[in-house]
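Going down the list, the sequences are from chains A and B. Going left to right, the first sequence walks through residues 438 to 554 as this note's numbering numbers them. Going left to right, the second sequence walks through residues 61 to 721 as this note's numbering numbers them.
Just so you know, the hints here were simulated from the structure itself, not pulled from any lab data. Misleading hints may appear alongside valid ones.
List time: in silico DSSO-like cross-link candidates among lysine-lysine, alpha-carbon distance up to 27 Å [to be verified]:
(1) B:Lys498 to A:Lys455
(2) A:Lys491 to A:Lys455
(3) B:Lys95 to B:Lys68
(4) B:Lys518 to A:Lys440
Bear in mind that the values here come from a model prediction, so they are computed numbers and not experimental data.
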Amino acid sequence: MKKILVVEDDMPIRNLYKEELIDEGYDVVTAPDGAIGYELYKSSRPDLITIDIKMPNMNGLELLDKIRKEDREIPIIIYSAYGEFTQNFSTWAADEYLVKSSDLTEFKNKVKELLFR
Amino acid sequence: MSAEDIIKDYQDILRQYNILNQISKTVASTLDLNKILKIILTGVTLGDGFGFNRAFLFLIDRHSKNLKGRMAIGPSSADDAWKVWSEIQDKNYSLEEFLDSERFENEQQLSFLDEKIRNISIPVDINMVIWKCLEDGIPRNIDISSTVPGGENEATINSVKEIEPAVLFGEVKAPAQDNLIQVININDAALIDAELAEYMDYPKFCIIPLISRTKKVGILIVDNKYNQREITPDDIKFLLLLGQFAASSIRNTIIYNDLKDSISALSKLNMKLNYLKDYNEKIIESIPVSIIVVDHNFTVTQCNENCGKLIGFEKETFIGKQINAHEIFIDGVSLIDEIFKVIRENKAEGFYKVNMKINGEKTDEIFDIILVPFRFSEESPEGAVIIIENVTNTVRLETELGNAKKLSQLGKLSATVAHEIRNPLIAIGGYAARVKRKFLEGEQTDIGNLEIIIEEVKRLERIVNEILDFAASREIKFSHVNISNLLLECINFAKAAAEQNNIDIVFECGSELVENANLHVFGSRDHLKQALLNILNNAIDASSKRDKIRICITTDGKDSYYDFPGSGHGGQESFSSIFSGCRTEGEPECIIIYVNNSASLSNREDIKNIFLPFYTTKTKGTGLGLTITKKIIEQHSGAIEVCSSIENGTTFAIKLPLLDI
Ligand SMILES: Nc1ncnc2c1ncn2[C@@H]1O[C@H](COP(=O)(O)OP(=O)(O)O)[C@@H](O)[C@H]1O
Ligand SMILES: [Mg+2]
């Protein structure tokens, strides 16, 4: 079973993603901020990571940067309520950049696509 | 003495009086100092007059007080002398004729002597015979020809023959003994200025002091180097007479010239003043402000072109008339009344952004009007200056700017709001879709999912409410508020919430102020309650289980809070503005409410940001609490500050002015 790490500070959204991804048949671990997200990345060895940008402690871009330094292969989806982050080069290190939406279809499609490409 | 001798003597005397007369007449015709000096010296040297070979004139320099060589007349060699005399003899010039002649005009270049004498400057030294002359007003007839053995230097000056006291006409009462000539042996070269002695190069000469009344002017030295005629007591008598006359003409001329200089300086000053006056008038005319000056009985004494335009009259027809000939109203108040008040109270008054009604006509222009009491001089009664500036354009610009600012704020606000409500919307939408899908798939509805939806809707509501609170300029109604009671109410309310998490709210100090229930502020009870609850709720939110929230209340900003965390000596610095405000005398008494919890703000940035809208570190926070609190406190003329450290945690201080009941 593929394991996905969801790093997201907003609790309802974090739960939503978790439940939806579990329904899709994945194993899901979650973290409420970047720092914990990094620890979980190290300890639980996920196959894919989804990261929110605006988070306390370590923000999504910092986390992305830190993980990429160690692992250039692992698929990472970065998303935010802010569309303007696409302009930020540091988001380019991710495999996918998504703007948050209540319709999770695209999100789920991308996860599948990246895991089985 | 034979009759012939007597006649000759009288003839000589007559001749000399005649020359004196001529000199004085000529001198009287001019006020040019150089010319006067020349006339005198020429008179002294002219064969027709006193007939001395050479004459030298020294004047006391006004600045250095030295005797300075001014002019010398005489041939520079025996040859030259002979030439000059024969010429005068040939043409049989009288002094008057000679003074008018070309020769006199050209004399300037003639003298090599003259050039040299101007470089001689003799400092005051009372041992020197020339200074002695000036000191006692007695002329000296000097002969330094006979040498005294013993030294080269002494050889040049060894004796001074003096007439003492000399005949001073009219001034010094002295026996008219003509031949009282003493011979004194002097062994001091310094008695005659060395430079002067070298320059004279002849051992026999006479020094005449030039003294006008008591004022020392200079000295005149004469000698007969070329024909070596002895200088007689009679000569000296006349020289003294001439010297007196010369001294006073020289002095008068100097005074006259000084006067002339100061007059010309004065007239220059006057020109400058006129220029300044012109300049000021031009400035007053050219500034885009109307200026009216009225005197104590409201007569317009001055006004500028602009003012004419404003009133709708020619400037000239306005000046000299009573200003109350025109009806001028400032926002319905009569200008005259205001001027009257300003003059009476001797205090300036300003009206800003007002409308004016002039002679029944009202414009939609906007003005700043300043009235200043004014008097032309100490003695003149008080008048006033009225300065009127049309600020219509400025006000218009300001309004536009304000609108633009509001718009940009609105833009920023809506952008932030949009982002803030996105998270709950996504959660609601996401869960709703999920519930629907599960339902369609025939699965049992997950109550947890629905609960999240409900929670998130509540969160949205909260955000919207706080935004409304923040954005709406809801009118706040002010009244007397018993702040003691209000504080107690809020604290009890907070205690209930805190208890659930085993958090203690304790009074560190000032509980009596709350219990006595006698502190009042002027404000809105509802708003103040919201502000205080926000602070208390934040403290509860920031506290972990079994933490303490400490409250301290003071009214005078001293003693009690010193041991209070975050408000001790260190804290005092952090709360500087609040403290200084409270300690100033004449300021209303204040209440300061400190609320402290042990959690510190995570970093410096936080302290800067916590009052900004939407800044929150909480998952369910809105980040509007402190923004609203600050706004409310400021609406109550209070202040709010925060300081935070790891040791002392976070302390908020709220200052509110108290009502004096
Ligand atoms: N007493 C306090 N102790 C520590 N942090 C505080 C305290 N009060 C406010 N804060 C910080 O300031 C932020 C903004 O507070 P506020 O404007 O009330 O918004 P909210 O409470 O919705 O987060 C909070 O999220 C918190 O990080
Ligand atoms: Mg709050």
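Against the structure, the hints:
| no. | hint | verdict |
| --- | --- | --- |
| 1 | B:Lys498 to A:Lys455 | holds, 15 Å |
| 2 | A:Lys491 to A:Lys455 | holds, 18 Å |
| 3 | B:Lys95 to B:Lys68 | violated, 33 Å |
| 4 | B:Lys518 to A:Lys440 | violated, 33 Å |
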